[in-house]
Amino acid sequence: MTQHTPTLSPERSELPSPPARARALPFWANPRLGLLVVIVVLVVVFAAARPAFLNVGLTIVPMQSDLSVFVVVGLAQLAALSLGHMNLAIGPTAAFAMFAMGWACQDLHAPLLVGLLFGLAVGGLVGAAAGWTVATTGVNSFVVTLALNFALLGVVSLLYSGVGDGVAFSVHPAGMDTLRDNTFSDYCVGNVCGPPVPLVVPIAVVAAVIVAILYRRSRLGREILMTGANVKAAELSAIPTHRRIVQAHLLSGLLAGLAGFLLAVDNGAFSADIGSQFLLPSFLGPILGGTALAGGAVSVLGTVLGATLTEVVQTGLNLLQFQVEKSKIYIGIVLLLALSLDRARHVIAHRRGGRPA
Amino acid sequence: MTTTDLDEPARSRFSAHTTEFTLAGIAALGYVVLAATTHGSVLSGDTITAILRFLAVPMMVGLSQMAVLAVGQMNLSVGVLTGFTAMASAWLMVQVGLPAWLAVAGGVLIGAGIGLVNGLIVVFTRINGFVVTLATMTIIDGLRFGVHGTGTYQHYSAGLVALGQGAVLGVPDVFILAVLVAVAVAVFFRRAALGRQLLASGGNPFAARLSGVSNDRSLVIAHLISGLLAGVAGVITVALSGSVNATVGDDLLLPSFAAPIIGGVALAGGVVSVVGTCLAALIVRLVDVAQAQYSINPEWVDLIIGAVVLGAVLVTQLRLGRRRRGR
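In order, the protein sequence lines correspond to chains A and B.
For the first sequence, the working numbering begins at 1 and goes up steadily by one.
For the second sequence, the working numbering begins at 1001 and goes up steadily by one.
Next up, chain B with everything else stripped away, as it sits in the complex:
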């Protein structure tokens, strides 16, 4: 499926930028329309805070999926891993009695550890990453349930929940955290040698190997980052909601693919777009907000997201096709 065109990277980067502009335009337009048709209720500070607060988790799971897409892999365990790390860090606080900051660090580390295991299995068995993470998804699903059965953890740490509910000048703390993480991911893929190596492995493994890049290392690191970001999503969930149970993460797997795909990230690997992924998460969030504002049937949300995913990809495809024919 990979194109071996010489100027493919340049074109892909161009298309990623155009996609980002288009998405920013769509998000801005959507917001303006929302503001105009709801008599300005989405302009109020509280609503904006709420929109951003629940944007943090979709951003993190989208970036988590994007990290493995960068090397041409998929991670089916993103959703359940988010749920498992949420349950694990709540367990660390309630059952083990660790202070909140240690439990948060523990949750993120568990996520990274499981991501590392995913990557190592992929490299050592040479089994397709899709299949490996399908298996680990099943296992983690069981583990997530195993932490506390059908029970709910609550009243864990007043400080952590206050942080999750808090905001600086109307901007939620968790959103600031998500943006900082996103910036770190962007810098990693744009500036760090390791990040560039991941993209090289994803774009053309053969060329990467000839240039002295270890594709195996790239795969392991991509899975590790993916697990780490799922862990961040998990602890954000813990801070946000004040109570967690084994259903956390059930509805995150397919959205985790939707955000990077809408954002212009190629499934074949070699291209990432942090801005695009985050903007796509914002657009999906705005669809949610619109549903709440117009009090329409929540089922429309899925339908619209499906249309957006397909539409975004078709537009990219058409533009590439026109450019290719234009040459």
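Pulled out of the complex, with its shape left as it was, chain A reads as follows:
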């Protein structure tokens, strides 16, 4: 029942030796191109309907901050999807990692960077623990991370009930507010100022680039993909599949922690509700971007584009005075249409460029 049809495109990290007929797929069968076209069309439509959509201070800058969070959330899910696994615990993992960071900054007076590294380490450890459980027991990752989701939700609330007002840390490590409020246009060399890009954006970009390089170029990433495509084949090829499963989940937890950090910067506080809205966006980005649930193939660029599409729809509808809840109707419809079009494009492309019948 899997619809895992291999395509060969530059952005898509694929296992080696794709079938010959996949090579014949025309360029317009590339789902990333379709996404890009849809995004451009929507931006033009929204900008025509509400010129405020292109307002730098009101729309463009906050959109980039939001987008940074959701790109990293999507990448966290992508790390699990690369194995054909899922991570339902991304939200609570982010909350737990940010509790650790808040605690380190408040009670140990750790500077921002040290606190962040500690938080990321905790997130990675949580992910690794989930991965280890999946690898050693053979229980479905869906179940393990579902249980982890419940458990961490409880743990995080219990932990926060022991600090301050019970909801958030009051600490603001030096640099956190700068990260939140400033854009590169605040920094000038002579008359030349930077673009209106928030300081958090490069963090997400670097994360995306590293993940992309990992899956495309590094041996570790390729072996994770191989494990995701076919565990038995990977094992027979002398790949330590257990370790690769743990590592992919570790990456997922680490990225969840990073997403939590970006959201904490955005909100200006380490609070218990970080990550409570992560479950849906974590799947939207990668799935819109063409990452298969079956594992073995990922698309980092697609995840970025998928998250961008969601963010553009949400911001645009918000400007058109749709309530957030109601705009969800359209996001769902966009998701269904995008996936159906993707399917249709694939079927047509395969028929045209496919084998002689």
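Wrong hints could be hidden among the right ones.
Lysine to any residue pairs mimicking SDA-like chemistry, simulated, CA-CA at most 20 Å apart [as the list claims (entries may be wrong)]:
1) Lys-326(A) with Gly-1149(B)
2) Lys-326(A) with Thr-1152(B)
3) Lys-326(A) with Gln-277(A)
Honestly, the hints are just simulated from the structure, not real lab data.
Given chain A, put chain B in place with the hints provided.
Showing chain B alone in chain A's frame:
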């Protein structure tokens, strides 16, 4: 992920039965411990009635998820669909002015209709059911809010609420309804040809097709039943609470998975356990009761449920592993 072992079905059925016994034991033990440590307060008629009254909705959403797990699919829209059908049937009573029984039927039918749409999209687009219901979950979430915004419906039908609060010999009406529905679901999967076909499709789609079973039909029907049961959960919520708003169903999605998974239902499809799912819902309910009785921090409930989910699955896995090695 599916095992192509020949005697897999037999073993799975065995394991499902063992799981049911274990769960019944855990539930009984939990109840006895509760009774002993709270000086018998959970033995009083009122407490038992309250325990059972709020068991009806978790049972229905668990069975709703179980129906799609039977064919190896997932339905992420169970939670929001329960909320939407609750809002829709309240809307039918308050805004349209329909009598309560018509509104209840309407709510259930809307649930079934949306389930049918889910199934048709899955079959026609060939997109993974997880992704399809992720999309419809988002849409229904918006619709649920669209019915009445942030407003609350109340004072709809005194008769319906009285029915929701009523009890026969200490057994709540809504619980009796839930049990009847559960029995119907059990009979469907055990005795009805259609139910067996669903399980055949879930267990091994290829073999099912060779035996003349339409896998597409199985998928559509499983989603339809899932939507129908979510609709039942929705109207039970309406009857139980006396007021509903757009947050109904927010906290039901993950529990809907917890109940069948604890109850021994395989994610791969082909195995269902109505008794196991209902017992799992009861155990989760007992954890809630314990939290209230000992007045401990409610956050412990989530932690314990997480531990129970993982524990239940690990025990099943270990037992299967031992049996496999023993052969």
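For each hint, the structure was consulted:
1. At roughly 9 Å between alpha-carbon atoms, Lys-326(A) and Gly-1149(B) fall within 20 Å of each other, so this suggested pair holds.
2. Distance hint between Lys-326(A) and Thr-1152(B) is fulfilled; the C-alpha atoms sit about 17 Å from each other, no more than 20 Å.
3. In summary, the hint linking Lys-326(A) to Gln-277(A) is supported, as the alpha carbons are separated by about 16 Å, within the 20 Å threshold.
The earlier numbered hints are all upheld by this structure, with none contradicted.
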